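**Student:** Build the full structure now, drawing on both the sequences and the hints.
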Amino acid sequence: MAETVVEGVRLHYQRLGVEGAPLRAVFVHGLVMDNLSSWYFTVANALAAFGDVVLYDLRGHGLSERPAEGYREVDMLGDLRGVLDATVGDAPVILVGNSYGAFLSVRFALRHPERVAGLVLVDGHLGDDDFGERMAATLSLQGEEADRAIAASFQNWLGRQSTRKATKLANMARALVNGTSLVRDLRATPPLTAADFERITAPALALYGESSDVIARSLPLVARMPHCTVRVLPGCTHSILWEATNEVKTRIVDFCREVRP
Amino acid sequence: MNERNNLSNTSNAANDNVVLADLGTMIREVIGEEWAEDVPIEMETSFAKDLELESIEFVALAERLKEKFGKEVDFAGWLGSMELEQILQLRVGQLVEFIVRCNSASPTA
Chain W
1 MAETVVEGVR LHYQRLGVEG APLRAVFVHG LVMDNLSSWY FTVANALAAF
51 GDVVLYDLRG HGLSERPAEG YREVDMLGDL RGVLDATVGD APVILVGNSY
101 GAFLSVRFAL RHPERVAGLV LVDGHLGDDD FGERMAATLS LQGEEADRAI
151 AASFQNWLGR QSTRKATKLA NMARALVNGT SLVRDLRATP PLTAADFERI
201 TAPALALYGE SSDVIARSLP LVARMPHCTV RVLPGCTHSI LWEATNEVKT
251 RIVDFCREVR P
Chain H
1 MNERNNLSNT SNAANDNVVL ADLGTMIREV IGEEWAEDVP IEMETSFAKD
51 LELESIEFVA LAERLKEKFG KEVDFAGWLG SMELEQILQL RVGQLVEFIV
101 RCNSASPTA
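Line by line, the protein sequences give chains W and H. If you use UniProt numbering, the first sequence corresponds to residues 1 to 261, in order. If you use UniProt numbering, the second sequence corresponds to residues 1 to 109, in order.
Since the hints were made in silico from the structure, they are not lab data. There could be a bad hint or two in this list.
[Unchecked claim] In silico SDA-like links for lysine to any residue, alpha-carbon gap of 20 Å or less:
1. H/71 with H/97
2. H/71 with W/15
3. W/168 with H/36
Just so you know, these numbers come straight off a predicted model, no measurement behind them.
**Tutor:** Written out as structure tokens, the structure is:
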């Protein structure tokens, strides 16, 4: 299995497509009930037809290691940098982030602008939305109520009909939320500000679901980016990657073809 | 029985059985749990319904296939060409047929 070790933490990644292609895209998934497979089964393969594509599991997620501590922003950004170093090197990439993955991508672009050729934010969780509080509230529920809340927050296609999987995912989520410093570290994560977004010079694409619960706080922020195209998808919630897979895929592929350095 | 399930009646039946056995081992490895040791994995077995394979386990399976059969078996690309609903309906036999087809298209592999 393709892995790299960053600061002692084993991270699982997948590399698809054409190694060394001028278009390099790195996918960053969302928190807790998510992993790289969400990108793998929706958008990544379409880009791999002509690009050099990397997907990785955030620490604590998917097939990456789950350390008890170390979910601060600085840790998460270090992981992303480590995965880039192990794959495409320091060549600029297009970062494609979903939900919290979009937040991390923006942070990375602020810290390492020379390494980011473009940004795609898919229902990016960008405003001061109290990540930690919300996650903790959902996952402090017990028994069947908790399983329902978890299932609802995870729209993964294979999760719809499987009891083994629901239980396994719920157990993983609890281990991450109750057994690590994730929630505490998220609570301590400073929010992004309008001034942050004004500093982002890379071309960007922001996609939001019309009824997304994060759109109200995030949209005014992305609008501050000097080179950002915003698209609001009618009839969709926060889970646009699952609700409008084909449209999200097409828009990302078109954006990447345009931005290709 | 519908025709789609009648996969073993091909001229590649012997090949199919070898690939099926390899695949069964790999699937049990990626599930990595005790109960999986006893679950029959046959041509008609459904990945989602019978094996309840998680999407991240599919990814791990794709990587094992690449290691075992080489780049000719582009499982990731094959999955990428399907709609999600098709993947949900996927049976082990369809993957066996795909692997056999890829291998016979490139006998040097």
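**Student:** Look at each hint and say if it fits the structure.
**Tutor:** Okay, the hints, checked on the actual structure:
1. H/71 with H/97: holds, 16 Å
2. H/71 with W/15: Roughly 13 Å between the alpha carbons, so the hint for residue 71 of chain H and residue 15 of chain W holds.
3. W/168 with H/36: holds, 14 Å
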